[in-house]
Structures are given as structure tokens and as C-alpha cells.
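The whole structure should be built from the sequences, with the hints applied where relevant.
Protein sequence lines, in the order shown, are assigned to chains A and Y. Take 26 as the starting number for the first sequence in the numbering used here and just add one per residue. Take 462 as the starting number for the second sequence in the numbering used here and just add one per residue.
There could be a bad hint or two in this list.
Cβ-Cβ distance ranges computed for the label pairs, FRET-style [said to hold, decoys possible]: (1) ALA791/Y / SER465/A: 26 to 32 Å; (2) TRP50/A / ASP705/Y: 19 to 25 Å; (3) GLU721/Y / GLY475/A: 30 to 36 Å; (4) GLY475/A / VAL747/Y: 31 to 37 Å; (5) TRP397/A / GLY651/Y: 50 to 56 Å.
Calculated from the structure, these hints are not laboratory results. Just so you know, these numbers come straight off a predicted model, no measurement behind them. Ideal Cβ positions, reconstructed from N, Cα and C, are used throughout, including at glycine.
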Amino acid sequence: MVESGGSGAVNLLSLSYFVFVPLVWVLTRLIRPVKGRQLLWLAASYFFYATWSLKFLCVLLVSSLVNYALGIYLRRSPSAGRLWVGIGFNVCLLAVFKYLPVWSAHLGPGHLPALLEHVILPVGVSFWTFEALSYLFDVYREEDLDPSLTEFCLYLAFWPTVLSGPVCRLPELLPQFRNAKPVWDDIAEGTRRIVLGLFMKTVLSQILGAGLRPGEGVDFGFNQIARGWTGLDVWILAIGFAFQMYFDFAGYSNIVIGTAQLFGIRLRENFRDPFLSTSPAEFWTRWHMSLSSWIRDYVFMPLATWKPQVWWRHASLVIAMMLFGFWHGADWTYIVWGVLQGMLLVGHRQFQQLERRTNLQLPVLVATYAGWAVTFSCMLLSWVVFRANDLSQAGAMFHALVNFSSYRHFVLPRNFVWMTIVISASYFVVAGLRKLAENSKQVPILARLGWALSPVLYSAAMLAIVIMSIHKAVFVYLQF
Amino acid sequence: MVLTEVQTPKGIGGIPLVTPPIAVTPPTWLLVLKRGYVVVMSLLITVLVGNWLASISGQNNYTKAEERNERAAVVPMAGLSASDLAEGQAVLNPAEAPVTRTQLLYLGDSQVFSRPDAPPGALNTAQWVQILLSRQDNRAVRVLIGATPGMDVPEMLLRTVAASERQPRQDDVIVADISLAELRELGIRGEINSLATDPAVNSTLKSLLSANPDMGDAGKTLDAVLNPQGDKIVDKSLADRMEDTLQGKADGWSFFAERENLVALGLLRYAQWEHRLLHITSGSRVPTHAEPYRANLQMLELLMRFSQERNIHLLLFFGPVRDLEPNPDAPADLTRMHRDITSLCERYAVTCLDYSQVIPEASWADYSPNQRGAFAMMAGQHDFFHFKEEGHKALAEKLMSDAGAQILQWSNQAGPAQ
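In C-alpha cells:
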């Protein structure tokens, strides 16, 4: 769907990116005036985006100028009518560039005007359109926002985030665009996150997605096996895809957040150990946090406060999560996935109410582990729907899950099964070790030991990144 | 943590405040040292270990040397004339095939060319076929070797489609050595995958799939090859050229340049550990799952339909199987494969020969106790896939006695260059 997804583009895994970033960093240090820095960053952002396609840049420019004008129009007299004009423009933009190509493909040639049939999806359009919308909502709420045109354009085009977020908010970025001064800790932390992100994406996500050898990996399991999965295969694919997505998108987010931090800009976090969540509600405060909080603030809250009835609050949850799914694309699998997530959240609320009504009190340890197991399993199964190529494939996979006689063997390559088990288990081991390391900061000798050994870990990560960079990797989330 | 003496800054209204001891920043030199340590040590270890890894990546060169041996210049041997040597050598140079000859593409896995016992320059089955054909008519057929280690049916189909688009003339005859291992996997390696990036091959494959919607399982497999995720074939842009230049510069560091070898070496070590931990031997039974088998069978059917459509003559034979137990191939799986493929051959009028028992036990190879390279983990065990040089000759002779006349007849039908 994305035109020229990378062959000609500077992406976050290319060597060009690692020349581009230091170059902009040095120029930033040379330019003292704030206005000059902002112009430099804007020029760098537009250059970066233009390497993907000049046509994409044109769409972004038009969106920036129109949304800036809409912001001024709304600020003069914040009214629901004016806000709806802004919402309408951005929804139309998404409809034309994100959903029309999909519908056009479904309809076949000749059903749409010739011009519309050649519309292509600009990379990142869903992310920066939601940023523009949040700006309009904030102006409508009469927040004190007065960006210059340069600042607003930079907010939408800021090169670390323009491709796939995190979905930023102007009130957080504006003061930083005006006062960003990176200190050593920013540079050290930024670099650490870039290395970590590259390792997650280039090594872990790559191994899970494409496997160690051809004919292995999640993509093979979903795309090339047409039928005949066993229950074990479906579980392995669900685990593999969940962790592939996590390492892909959390790795990408680490690179983005780290890059911004090199320039003294703190972006909002996007992931916080999502697979340790003990309830669906908690999961959504840890997974793709920038988008889930956007949906909460600008969709769920206004909807839920519209009517006081409990059923409506539940319906709002389902609607909000369905929209979350639809944001990923005009495909039934995403919509069903969103509805499933909404139902899980409603189910969790109902369970909480039941607990309160019956005064049910499980031992903390049991409640925690049972909550984790149920949440983890439900999330894994919902990812099957998300990743399936269509609903019939998802149906066939669920059928295999409930066919208990199929659990005796698996058809997926043994290597892939091993890799999935090892990598997913490592996630939990590392999470435990990190907790230990955090506690060890209280013990100076352990903290010093950690500091002394850290170069070994960084070197191992960098060596693995260089070796695995031989494979051409594509960010999964770029397609959204 | 360095602590200073108690500080007494001025308080509100000039009343001094007594504050608890506070931490202050250590001296600049210490700070620089502390921060620089992680950066410098990380880079130093990366460079040193990287260089060391680059130096040991040469261990994978043994595998490369094996491949080179298989492509080494044919050595003179008793019974071979100068013309035989030239014909045998020409098989290894497909690019130089004369357009006047009928082109025969010989497909299969490493069984086609691996001769574990022989020195570099010994002949493989495809070369023997060339020599034996030339002895009957030295201007009729040019055999081109299209076999690759571990080749599976999707790769065979891709090679066949690419061969149909070969310039200046398409391949006229395909001879394929079919083994059960080829029907177990569905993976397509990068180098064969890249054939599909050729616009003509890509478009032919897409037409083939759309014309055969009943081959859904095969279509699923090829779909990923034909429509790689997030990437379209685009002209080289400025960013591309910049990236290429940077990659070229990065390759100046041996570690960077040796990445491919290091990945191969890593996989090799991984396989060795896997064999050791799971007690896998060369004779361990390898399961043939229904799903990839069915897709591979569809792929073979697609190959037959395509060959018919393009007037490419197709000849299949069941490759030799070592008659020893324990054996990686389950007898039931072999029987099923024979039954299914024979029935396909009958349906599409394709010649299908059974050579599973052609190689006597004495002609099969064993892995040496000091085996190195890709099969190091099989040291001292039976080799169930490869046979000695004499086996290659015997197989080629059998093939020629059964189908040589037919191949030459096809050659006469094919006529001069198209």
C-alpha cells in the first residue's frame, strides 16, 4: 500500500539515517537562535520525508497549512461547528489517502474516477493526522497554544516521529521546540535507546518475523500455510506475532524516542512492558500508549460522558476500541480485533463489579498470576485476528485451537518453534533481571558492577545488529 | 558519591539555614572518565570482537570451497576424450550456451552435483548426461545446471519460469530429480527469490497464478515472493545511491563485509548444537507434514501446466533413495509421494521414471569422521542424500538408456534458435 516503502527512502535502519542524524545534530549545535534551530529541524524533517516521496511531502504540507489555518479560525471563536469543520477535513484526508485505495482495490477498476484510483497512502498519514486532530481538540478546549507556522509544521513533520509516531501532543512539544537544550544525560540515554531499539528490531523482530532460514517465521506461518494448522501451531504463531509486533514497534519507538532525546526533546513513551499486564485495562496503558491515550482522551471520554447510563459507557468502550482497530486499516480483521478488545475491557469491568458485589477476595499472588495468564492468553488470541489475512483464515485458526486432537504435533518448522519459545521466555527473564537491577541501584557495589559491565552488553548488541543488518528489514507498523 | 561539607546558604530574610549534606557533581575529569568509559569501551570491544569474528568467518569458507570444488574445471580421466571434457565443462557455464542447441535445464537438490568422495573437477550427473548426449549428437543439446543445495519445488517452479524467459532463447527441456526432501519445505531463498524481481518473470508468474485459481495453496506461497511487503521496484533515487555508497564504505571494515559469512557460520553452529542437544543423526526420521507437502504437490502440478503451456518438455524422475534403516524418509511418505506424483504425471502426460533403487549400497557416500563444512554435525554417519562419483555416472547412464532417445527427439522438434 505504501508507495516505495524504503528502497529509495532514508528509513530508521539505513546507514544514511546514522549520517543524517549526527549531521543535523552538529548543525543544531552551531545554530544558536531558537527560530534558526526550528527552521533547520523543519528543513531536515521535510528532506527526510521527501526521500520517501515528494508526493507524500505535498500532502503533508497541505495538511499542515490547512490545519494551522483551522486552528487560527477555531481559536478566534471556539465552537463545535468550527471544530467539526476541522474534524471533517482530517477525516476526509484519511478517507481519501488511507481508506480509498483499499476500497478501490476491493471494488476493482472502473468504479471510481480515474484520479482517485491512483491515490496512494502517504507513509505516516494516520499518525500526523491524529496529531493535527489533537491540536484542534486542544484549541477547542481553549488550551493556551500559540504555535507559529514553523512550529506547527515542525510538530506534524518532526522527522523522528513522522513515519509511525509516537502520536505527540503539541502542548508537550511546543515548549521543548522553544527551549530544547540537550545535556550529556540526554545524549547517553538517547544513544542507549537507539542501540536497544535497533537490537529489538534488527535482531529479535527479524528472527521472529522472517525466521533464521527461508520457510520459517511468523510471515511464513500466516502467509504461506494456507490451511492445516494444529492448535499448537496457532499458539506458537500467536506468541511469535505478539512478540514480533512488540519488538518491531517498541524497537522503532526506542529509536525514535532516543533520536529525539539526542536533541533534548522528550517524547511520550509508547510501550511499558505490555506483556506483564494483569488486566486488559492495564495492557492498554502499556501498549501503543500514545495512541491508546489519544483514543481515551478524544474519543472514549467525550463519548462516555455523553449519556450517564452504564450500558452506554460500555458501548463507548467498544466503539472507541473499534475505532482503534479501524485506524489500522479498512479491513474487517482490524475492526473485529477492535471490537474484541472493547469486549475484553467491558468484561474486565464486569468482573471488577462482580468482585465488589460478591466481596470476592482472591489471595494477591493468585489474583496477579491468574489475571496475567488470562490477559496474556486473550491478547495472544486477539492478535491472531489482527494478523490473519482475512476473517476466514482467523476462523480456521480458531477452529484448530478448539480441535484438541490436533494438539499432538505441529507443522511449523522446529527451528521457528524453538526460537519463539526462547525469545518470548527471554522477554520475561529480562523483565525480571531489570527489576533486580533497579533494586540493585540501592546497593552501590552492584550499581558499579553494572556500569563496569555495560560496555560488554552494548558491544554484544551492536555486533548482533551489524551481523543481522544483512537482512532487509521493514517496519511492520509503516503500513498503518 | 562525593560529599562536601555542610553548606549554609542564606535563608529567607538572611537567616542562615542549616541543610543536610548534599551530593555535588564530581570533578570534571572524573565525570569525563566515567562517561567516556562506556562509550570508548563499547566501541573498542565492538571493533576488536568484530575483527576477530571477521577472521573466524573464514571457517565458513570450507563450505564455499566445497561449492568451488563442485564448479572446478573438469579433470582429465580415463575414458574421457577432449571433446567430453569440453562438454562436461560447458555445463557449468550456462551463460555461454550456444543458441543453436536445445537447452536442457537440469533441476534438483545437492544430489545432482555433490560427490563427497571425489576430488575437485570430478563429474556430476548433469555433466555425465551432457557427455552421453553429446556422444550421440554433439550439436543437439546443451545441459544447464539449475540444481541448488536443498532446492524445493517452489524454487524449481521459479527457476522454470525464469528459464522460460531466458534470452536469447527459452529452455526447451526440463529434467528434474524429485526427492521427498524437496516436498517438505516451502522456503524460497533470497537468490532464487530475486529471480521474481525481473519484470518479465514476475508478470509471467502472476499470470500463471491468476490462470490457475484452483492452485490456492501454491498461490499463497508464491504471493509473498511476488508482492514483497512494503517494497516496490523503483528507480534508484539519490537516497538509494547515498545508501549504496555508505554501504560500500562500511564494507571496508572486514566485519561488515563478512556479515553474510558470519550469518552462515552462526546457522551452522546453531545446527551443530541442535543436533547435539536433540540427538539428531543423519538417519533421524524427518516428518513430512501434510500442509507443505500439499502445497508442494500443487506447485509441481503448476510446473506441469506451465511446461505444457510453453511447450517445454518435462521429464521427472524419483531420485535415488538409500535403502538403509533408520532412514530420514518414512517408507509410507515415499509410497505416498510416488503414488501422487505418478498420478500427476499420467494426468499431464509427463514422463516420470523411478530411479529410487538405481544406486547400489556400495556407491553411496558416508560422512567422513573429520567432516567439516555444512555437514560437520554428521561426521562419521551415513549420508542418505549423496553418492559417490561412480553413482553419478550410473544414474546418468540409466537416464540416457531410458530417455536419451526421447531427449534427442525433442531436440529435433525444438529446431534452431527461436
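Out of the numbered hints, which ones does the structure contradict? 1, 4, 5
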